[in-house]
Amino acid sequence: MAEQSGNDQRIAAEEVDDFGGYNVGNVKKAKLNTTLAALLDDPILSDVPKRPSLSDVDTLISLELGSAMRVSVLKMDGTSFDVALMNSATVKDLKSAIKKKTNELEQSNMGHRNISWRHVWANFCLSYRNEKLLDDDALIQDFGLRNNSQVHFLPFVKSKSLKRHSKSKKHRFFHGLNKCV
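Using the UniProt record's numbering, the first residue of the sequence shown is number 1, and each one after it goes up by one.
Don't take each hint at face value.
[Said to hold, decoys possible] Computed cross-link-like contacts, DSS-like style, restricted to lysine-lysine with a CA-CA straight-line distance of at most 30 Å:
| # | residue 1 | residue 2 |
| --- | --- | --- |
| 1 | Lys92 | Lys75 |
| 2 | Lys75 | Lys95 |
| 3 | Lys132 | Lys92 |
| 4 | Lys75 | Lys99 |
| 5 | Lys75 | Lys101 |
Worth flagging that the hints you see were computed from the coordinates, not collected in a lab.
Build the full structure now, drawing on both the sequences and the hints.
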């Protein structure tokens with residue numbers, strides 16, 4: 001008898017979940033998505049990404065509480081964008097945030113473009129107050145970065161023998177053209 005009442009409860013629960021041909025779970029999910037979309041369109045929440053991850057939301061909350069910082073990244077074309085990082089972030093975390101923000105901006109502006117980040121980091125480095133941020137494991141606070149600091153890209157090529165950045169050299173293609181003339 002107890003087994004039959006358990007089956008009855010299960011069937012009743014299924015009937016509640018499948019109300020009028022709609023699965024209540026899907027209805028709740030759709031309602032949650034529309035509410036989230038409405039919240040993200042609010043101008044106060046303009047710094048929240050369109051598809052935020054839990055870490056994005058956590059970083060933005062930490063930013064409001066003062067345990068995170070906003071860093072402005074100046075690109076070589078003169079434009080800039082902001083990324084939010086925890087105060088304990090490393091240079092590698094900064095690079096990851098730049099990659100994520102750039103991919104997000106590219107996706108929203110012109111669809112998906114494939115950027116070779118290996119090429120970017122092999123030919124450019126980040127700089128803050130004329131100091132190159134070369135050590136990926138170094139804390140960005142050790143370089144003096146604080147909230148509302150600005151970093152920028154510098155053209156540098158990573159030397160294969162030293163595995164460090166060295167001054168950029170002209171492309172070998174142009175050296176060959178000078179000898180032919």
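Here is what the structure says about each hint:
1. Lys92 - Lys75: holds (18 Å)
2. Lys75 - Lys95: Answer holds: Lys75 to Lys95 is near 13 Å, not above 30 Å.
3. Lys132 - Lys92: Holds - the C-alpha atoms of Lys92 and Lys132 are around 13 Å apart, at most 30 Å.
4. Lys75 - Lys99: holds (13 Å)
5. Lys75 - Lys101: Between Lys75 and Lys101 the Cα gap is close to 13 Å, so the pair holds against 30 Å.
Against the hints set out earlier in the document, no violation occurs for any number.
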